[in-house]
Amino acid sequence: DAKTTQPNSMESNEEEPVHLPCNHSTISGTDYIHWYRQLPSQGPEYVIHGLTSNVNNRMASLAIAEDRKSSTLILHRATLRDAAVYYCMMDSNYQLIWGAGTKLIIKP
Amino acid sequence: GAVVSQHPSRVICKSGTSVKIECRSLDFQATTMFWYRQFPKQSLMLMATSNEGSKATYEQGVEKDKFLINHASLTLSTLTVTSAHPEDSSFYICSSKTESYGYTFGSGTRLTVV
Chain A
1 DAKTTQPNSM ESNEEEPVHL PCNHSTISGT DYIHWYRQLP SQGPEYVIHG LTSNVNNRMA
61 SLAIAEDRKS STLILHRATL RDAAVYYCMM DSNYQLIWGA GTKLIIKP
Chain B
1 GAVVSQHPSR VICKSGTSVK IECRSLDFQA TTMFWYRQFP KQSLMLMATS NEGSKATYEQ
61 GVEKDKFLIN HASLTLSTLT VTSAHPEDSS FYICSSKTES YGYTFGSGTR LTVV
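If you read the protein sequences in the order shown, they are chains A and B. Residues 1 to 108 (this note's numbering) are what the first sequence spells out, left to right. Residues 1 to 114 (this note's numbering) are what the second sequence spells out, left to right.
Since the hints were made in silico from the structure, they are not lab data. Worth double-checking, as some hints may not be accurate.
Straight-line distance between alpha carbons at most 20 Å, and here's what the computed EDC-like set of lysine to aspartate or glutamate pairs gives [stated by the list, open to error]: (1) Lys-3/A <-> Glu-87/B; (2) Lys-69/A <-> Glu-45/A; (3) Lys-97/B <-> Glu-11/A; (4) Lys-97/B <-> Glu-45/A; (5) Lys-97/B <-> Glu-16/A; (6) Lys-14/B <-> Glu-52/B; (7) Lys-14/B <-> Asp-88/B; (8) Lys-66/B <-> Glu-99/B; (9) Lys-66/B <-> Asp-27/B; (10) Lys-103/A <-> Glu-15/A; (11) Lys-41/B <-> Glu-45/A; (12) Lys-55/B <-> Asp-27/B; (13) Lys-41/B <-> Glu-66/A; (14) Lys-55/B <-> Glu-87/B; (15) Lys-14/B <-> Glu-99/B; (16) Lys-64/B <-> Glu-99/B; (17) Lys-103/A <-> Asp-31/A; (18) Lys-64/B <-> Asp-27/B; (19) Lys-41/B <-> Asp-82/A; (20) Lys-41/B <-> Glu-99/B; (21) Lys-107/A <-> Asp-31/A.
Which chain A residues face chain B? A few, computed with CB under 7 Å, are given here [said to hold, decoys possible]: (22) Tyr-46; (23) Ser-92; (24) Asn-93; (25) Gly-101; (26) Pro-108.
According to the in silico footprint, chain A covers these stretches of chain B (three or more CB under 8 Å from chain A) [as the list claims (entries may be wrong)]: (27) 40 to 47; (28) 101 to 114.
None of the values given here were measured: they were computed from a predicted structure. Note that CB positions come from ideal geometry on N, CA and C, so glycine has one too.
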């Protein structure tokens, strides 16, 4: 079965970089990798997505392993507002495989 | 851009009644809408996928007669929880695919059945 796995939680200090890992070893060649984050009682918010190459946007960077079986979401300088649950998701032509999410705790 | 507006944000209903949740795409056409439910501290669980003008596709174990989905236009999809019971209490979220922003999500509906 297709699976996406993430650590349950991670802690980081404010204003330091954060690397959130995700394993998606069952990924196929055309499956996209997405990252979303969710605050309590809110819908998920899009962070970034990519296929093969590393991606950067104003929120984060996405580093995709060469074999694409894992990826890392990078927050370059975490703030307290980045505290959330971060979900990794594989999009296999609208078959969406969600990870269980990583709760990111930011320490001031 | 690419905003999905979901209403209501919270609803409390009596057991046995029905509740309708609406999701509107404000600045794009949502050909496909995904409906999720989420229990506390758990990931999103896909319930069904609706395509404009056709019947929704339900995930295994989701009762289609209980969770009625209508997607009559490119900007509106609704989920009706019929004959709600306390075990239906959950956080319901809609989502649609966009051209540039991956999937965009509604703000969610907290349903409490008493």
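(request) Against the structure, test the hints numbered earlier, and report the numbers of the ones violated in rising order. (result) 1, 2, 3, 5, 6, 8, 9, 12, 13, 14, 15, 16, 17, 18, 20, 21, 23, 24, 26
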